[in-house]
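These are the residues of each chain, in order.
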Amino acid sequence: MRRREGEETVASRTITLNINGEERNVMVRNADTLLYTLRGKLGLSGSKPGCLNGDCGACTVNVDGWPMKSCLMLAVEAEGKKVMTIEGLRNAPIQQAFVKEFAFQCGYCTPGFIMNCHALLEQHPNADDKTIKEWLESNICRCTSYIEIEKAVKSVLRGHSGGS
Amino acid sequence: MLPFDFEYYRPETLKEAVERYQFLEHQGKQPTYFSGGTELITLGRINLAYADAVIDMKEIAECNMKEFNGDHLVLGSALSLTQIEEANPFPLLTSVASEVADHTARGKITLGGNICAQIFYREAVLPFLLADSQVIIVGPEGIRNVQINEIFQEHLRLKKGELLVQTVTDRRFIGAPFFAKKRRQQWDTGYPLITVAALKIGQEIRLAISGLCPFPFRSEEMEVYINRWGQSLEARIDGALSVLPKSILDDVEGSADYRIFVLRNLLMDALQALG
Ligand SMILES: Cc1cc2nc3c(=O)[nH]c(=O)nc-3n(C[C@H](O)[C@H](O)[C@H](O)COP(=O)(O)OP(=O)(O)OC[C@H]3O[C@@H](n4cnc5c(N)ncnc54)[C@H](O)[C@@H]3O)c2cc1C
Ligand code: FES
Ligand code: FES
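If you read the protein sequences in the order shown, they are chains A and B. For the first sequence, the numbering used here assigns the number 1 to the initial residue and increments by one for each residue that follows. For the second sequence, the numbering used here assigns the number 1 to the initial residue and increments by one for each residue that follows.
Hint data in this document are derived by calculation from the structure and do not stem from the laboratory. Note that this is a predicted model, so its numbers are computed, not measured. Don't be surprised by glycine CBs; every beta carbon is placed ideally from N, CA and C. Do not rely on the hints blindly, as some may be mistaken.
[Unchecked claim] Derived list of chain A stretches under chain B, where covered just means 3 residues or more per stretch with a C-beta under 8 Å from a C-beta of chain B:
1) 32-44
2) 50-61
3) 65-75
4) 87-97
The shape of chain B in the complex, shown without the other chains (with noise of 0.2 Å):
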């Protein structure tokens, strides 16, 4: 049970949402946007979490969709990470999405809310990191349509009242070959430690990572050293973690040394299986 109360809205449009955020902010208000609403109920309850109104977007049709248009594939933020998997539509997000908590638990946790969310891992960014998704962007100034390079910078750089309503990736990542690994602390469900996720594109390796910075992220950096073919793979991974980030997690889940072992064998695994 939570510890404080609030208002409950439902909106089942994009103009409604964005108007009642806008409208409960200008009321003195403090409204979340609540798609599966996991961080919201479990921090809430423990006080890491406020919110006095809650705009729920899961009845929102754009942010429930699930299709190709064209050649590209169209998924809405409000998806359940378990209606992804069962479709399957992009096989490197249900490898990497199916990792994300457990079953159960990943038919609330929705796709836009983890790419959103605080905590460090938010797994189910990498693939359209790898795959230069666009990413559609509602607010209080219009949509947006941008590449989520461009916006995801340690987390999506949203402006006040904006939501994501949809991810947009293009049919030739969705084929190419892929890895993805999740090693957690202990056991198959226990804590995550660190995820690698890459995408072949012809000769070249892209590479996502999550749970080694407090933020997941691609680097082109570390792209470079892994993509010079004529090296050995030792000296491949040797440079990639030559250029690592900085702030390397170091906590109760594994320390920074025990992280970067972890990732190097990751490395090696991604690339034995990538070539």
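Isolated chain A (complex conformation) (with noise of 0.2 Å):
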């Protein structure tokens, strides 16, 4: 008998994810990683696809307050956490200081990158510079924005005049 859309299976059913705060209920296969999740069924496009290996942190999100390779993940995993994508974070410190210090060029990288900053922000307000470089290197900027992301990061960790 062929299997319907949306029928549960062993391989799949129906989870309650917390997504930016929310619950949201959405039908996976235990196979779909969260980031194919989040973009392909819940429609939150923001955490980009890149390597899908976890090798450029394009897709990076946080999950209790940590960063996460979303395409490292499976959306079956996340049950019972707190998932926060790039659309949850509204206005932040953060993405007002990629702004300000122009800490883009094409674009692709921001949210991942934004989703670590913030996370490294929550976890360490007062990160030295080995944490921090310690932490960024977990993302890829093709356009090499590094430089102005450096200052943005700073910019608002304590302890940083900015731009140093």
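Please dock the two separately framed chains into a single complex, following the hints provided.
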């Protein structure tokens, strides 16, 4: 018998995800990544597909306040956790800093960078240079806006005067 | 997105996990334990890994332990490398683990997953080889506690259906002087080339290496030469390099000769750091 679209099987089911503070029910295959689910099933296309291999960081979201490459996580693993995507940030200090410092060119890497920086600010508001470098090395910018991105992050971290 | 489907289970106890594995196998399925899951997700996408049932171990309390029990540090296999780095209970492990992948990926990659992975590097095992740690393993035949050097030969020799639950490390190794350095093909985040980790216990230097062979290893033969204190650093290193394992990697990341050249320099750095 052919399986109908939307029917639960041992390999797919409806799950509830907490995304940007909202409970969303969504039918997923167990094999669907969080990235695919966010973009393809929930209409949240801010997280970008790049390498799909955990290397580039374009797909970064926050899970329980920590950065997560959403191409490395199954949607079913995110059940019971708080997921925040770029759509959940509304004019946050790090977004304003990216605009102020022109910390992007084509903008493809920007949502991932911003979500990583946002988590850094939450987890380590006093981050030193070593910590900033360690965290931000997880993301790649093909347009090489690195200097401006560093300036933007430092401008919103405590203890940095910005653009050092 | 993965090109195949699988069942997904998230047991809360070790018993449930092992029984689920056996049950699925009896049904003729191909189950796999899933910790960070990065191997199945990345290799599965390009058809280099497959499973039709996944047993996620991240909800099992024993696999999330991170505490000192008397004089022993117990670390659960499902702890992410970032969790270990942030807590820093074992500085040599922090130093080695914080060079695996990148910071965000380490929030997903777990200790047990790295030790049991297919990839050649598996740097997270090096500190445990050096510290003669115990590994707690559970499987269909029950629980066993084994010295890691007895069971990690090129890879962790688990029996079918067994899973790594914890590592247990004696406190006296945790505070010992150490050296750890990873050299990459390029930049600070490029693909790994060679990692050398060393621990000094009294006047004895122990040595473990990842990225030279298709498996990480600790070499007691090399340690004999490294610990010939009366000799020059060069002679000790030449001696150690004369007893390398046979299977030196020779690939696009680095030729065999280049890897040995990098290793020689790293050994010099290690000996200079540890005396
Ligand atoms: C961007 C990126 C960069 C990477 N860089 C590095 C690197 O620098 N060095 C390196 O070593 N690796 C690197 N890897 C590979 C990665 O480390 C391995 O795929 C990873 O270690 C697996 O960890 P995991 O927790 O995701 O394991 P999983 O994918 O969950 O498991 C890996 C394997 O181990 C088995 N397994 C997992 N846990 C257990 C357990 N407790 N008991 C028994 N079996 C178990 C699984 O069945 C599977 O076969 C990188 C991966 C990515 C995505
Ligand atoms: S798309 Fe996820 S890291 Fe590149
Ligand atoms: S701004 Fe273009 S990739 Fe970063």
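Verification of the supplied hints:
{"no.": "1", "hint": "32-44", "verdict": "holds (count 3)"}
{"no.": "2", "hint": "50-61", "verdict": "holds (count 5)"}
{"no.": "3", "hint": "65-75", "verdict": "holds (count 8)"}
{"no.": "4", "hint": "87-97", "verdict": "violated (count 0)"}
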